[in-house]
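There are 2 protein chains.
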Amino acid sequence: MDEYLREIIDSVDNSSGSLRRAMSYSIFAGGKRIRPIFAIAACEAVGGPLDQVLPAACALELIHTYSLIHDDLPAMDDDDYRRGVLTNHKVFGEATAILAGDALLTKAFEVLADGRRFTSPPDAILKVTSEIARAAGDSGMVGGQMIDMESEHRDIDMDMLTNLHRKKTGALITVSVRSGAILGGGDENQVERLSEYGGCVGLAFQISDDILDVVGDQEKMGKKTGMDEARGKKTYTSLLGLDESRKRSRELINRAIDALSSFDGRAEALRAIGEYVIERQA
Amino acid sequence: MDEYLREIIDSVDNSSGSLRRAMSYSIFAGGKRIRPIFAIAACEAVGGPLDQVLPAACALELIHTYSLIHDDLPAMDDDDYRRGVLTNHKVFGEATAILAGDALLTKAFEVLADGRRFTSPPDAILKVTSEIARAAGDSGMVGGQMIDMESEHRDIDMDMLTNLHRKKTGALITVSVRSGAILGGGDENQVERLSEYGGCVGLAFQISDDILDVVGDQEKMGKKTGMDEARGKKTYTSLLGLDESRKRSRELINRAIDALSSFDGRAEALRAIGEYVIERQA
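So the sequences go chain by chain: A and B. Here the first sequence stands for residues 1 to 282, numbered as in our numbering. Here the second sequence stands for residues 283 to 564, numbered as in our numbering.
Just chain A, same shape as in the assembly:
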């Protein structure tokens, strides 16, 4: 995965001194590659060849990374640290951080549509490209971030919070799983069951993030904890309490693993990701 991402970043135009460096900085700043792993594991679950999903897996990581750079900007969450290192705009300045984000988002679609990289049929690539764009845009990630900004210091209920997170983080995780299944040649029924898995795991991930912001170790997390409360952000833990949040997250993971019941041993990686969510919040 990292080799493939390195190759993409190395191919970035280097006429400007800092654009490529800024893009590279955030791509290789210690991300867990969760979205690519979801895509690859879903491809494996339907028995598809892994090289078929690599470009999409990279595109998902490029999109995720751009969203972190923009979310950290002074006008947005104004964060100085991310994954234990300075945020992009603290190192390269605000203008370069905005442009590095823009370039990473654009590069994702360049990689997705690049005929030289793909072995899948053009229809499948277009379908995946369209779904990824929808998950990343106004009806998904960007829309979720907008709702998140507008919800600070306001009273929101569980339904609104769940809608926010389904958009802000859930949509891209779900489409990661779907992309792997579609490009791996999964049938419609398999894609649907993997979508159910993705939706549940995505939300469980967010709940466990909220839990870790309360109980997590700042050093291990690589970022300040307790920030949600400091910002007056409503979270699962502030609405439900710690115990109930842990319970919800576990229920979601159970539903996710149930959705895999008709898959054989090739879905082991997806099952293991579910277990990992439970373990990290324990």
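There's no promise every hint is true.
[Stated by the list, open to error] Dumping the calculated DSSO-like pairs for lysine-lysine here, alpha-carbon to alpha-carbon at most 30 Å:
(1) B:409 <-> A:233
(2) A:90 <-> A:247
(3) A:127 <-> B:409
(4) B:515 <-> B:529
(5) A:233 <-> A:90
(6) A:90 <-> B:409
(7) B:515 <-> A:90
(8) A:90 <-> A:32
(9) B:314 <-> B:529
[Stated by the list, open to error] Now the stretches of chain A that chain B is said to cover, found in silico as 3 or more residues with beta-carbon under 8 Å:
(10) 18-32
(11) 71-80
(12) 141-153
(13) 179-186
It should be emphasised that the hints constitute simulated quantities derived from the structure, not laboratory data. Just so we're clear, the structure is a prediction, and the values are computed from it rather than from any experiment. We put the CB at the ideal spot given by N, CA and C, even for glycine.
Knowing the structure of chain A, use the given hints to seat chain B on it.
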């Protein structure tokens, strides 16, 4: 064109109060729709049906609009007015302006890859999507904006200035023409000659923009003129003088129109755009 754009904006998710309004504001803030016109005129020149190029034409306008919103941000050019009205961040705030730009860029690829909108073969759509992403990203528009930011108050020569503009504005104009030609079913030779046309007209456009920043009427332009000099930006007029800049621009338009010599009357619209560039700088 505007009807189609209206339909796209109306389909934007409206869970957040301001994201759709901010996107709509800049899309309908009086743009000249130059890039869609190039795409449609190129499609016409190769005898293609116009409905085949409409989604790509819209995508190009969405990308152009996002780039204006981000370029105007305080961290970038810090402009208060654009096309005679307040810039996006002055109306909606910086965070919303960043997100509206992100959402417009993402929407462009959603529209491009949306199977329901297209009548062209998937290969052609993928080719166009890939070319548009390349023209909009690090090796094109974003890269050019980065070089532009880094060039302020520095000595740059004609070659560097031309490289900057070929990336910052030329690449997207060239790909607009190419997209129209490819989706319209033009053969390789036609696409190549239309690329030559696009490259020349794109650069001529930039030179005439520089000229208008010196001699233009502030009211007619809808933005402050004389800003390039105030910012210490090198321009064609500051490097070459007004007369020589006019001459260069005219030479480029002549080359552009020469590139159309083997096209019949269906290339009239492209020829007329060339004439328009000359007239506006007169």
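Here's how the hints hold up against the structure:
1. Restraint check for residue 409 of chain B and residue 233 of chain A: the C-alpha separation of about 43 Å exceeds 30 Å, so the hint is violated.
2. Between residue 90 of chain A and residue 247 of chain A the CA atoms are separated by roughly 38 Å; this puts the pair beyond 30 Å, and the hint is violated.
3. With a C-alpha separation of about 15 Å, the suggested pairing of residue 127 of chain A with residue 409 of chain B holds against the 30 Å cut-off.
4. Annotation: proposed proximity of residue 515 of chain B to residue 529 of chain B holds, straight-line Cα distance about 21 Å (limit 30 Å).
5. The hinted pair formed by residue 233 of chain A and residue 90 of chain A meets the criterion: a straight-line CA distance of about 23 Å does not exceed 30 Å.
6. A distance of roughly 37 Å separates the Cα atoms of residue 90 of chain A and residue 409 of chain B; the hinted pair therefore is violated under the 30 Å criterion.
7. With a C-alpha separation of about 26 Å, the suggested pairing of residue 515 of chain B with residue 90 of chain A holds against the 30 Å cut-off.
8. Taking the CA atoms of residue 90 of chain A and residue 32 of chain A, the gap is near 21 Å; set against the 30 Å cutoff, the hint holds.
9. Of the pairs offered as hints, the one joining residue 314 of chain B and residue 529 of chain B holds, with about 25 Å between alpha carbons and a cut-off of 30 Å not exceeded.
10. Counting residues of the region 18-32 of chain A whose C-beta sits closer than 8 Å to any C-beta of chain B gives 4, which meets the bar of three, so the coverage hint holds.
11. Check on the region 71-80 of chain A: 3 of its residues sit with their Cβ under 8 Å from a Cβ of chain B, so the three-residue criterion for coverage holds.
12. Chain B is given as covering the region 141-153 of chain A, and this holds because 7 residues of the stretch bring a CB closer than 8 Å to a CB of that chain, at least three being needed.
13. Residues of the region 179-186 of chain A with a Cβ under 8 Å from some Cβ of chain B number 0, which does not satisfy the need for three, so the listed coverage is violated.
In terms of the numbered hints stated before, the structure departs from hints 1, 2, 6, 13, listed from lowest to highest.
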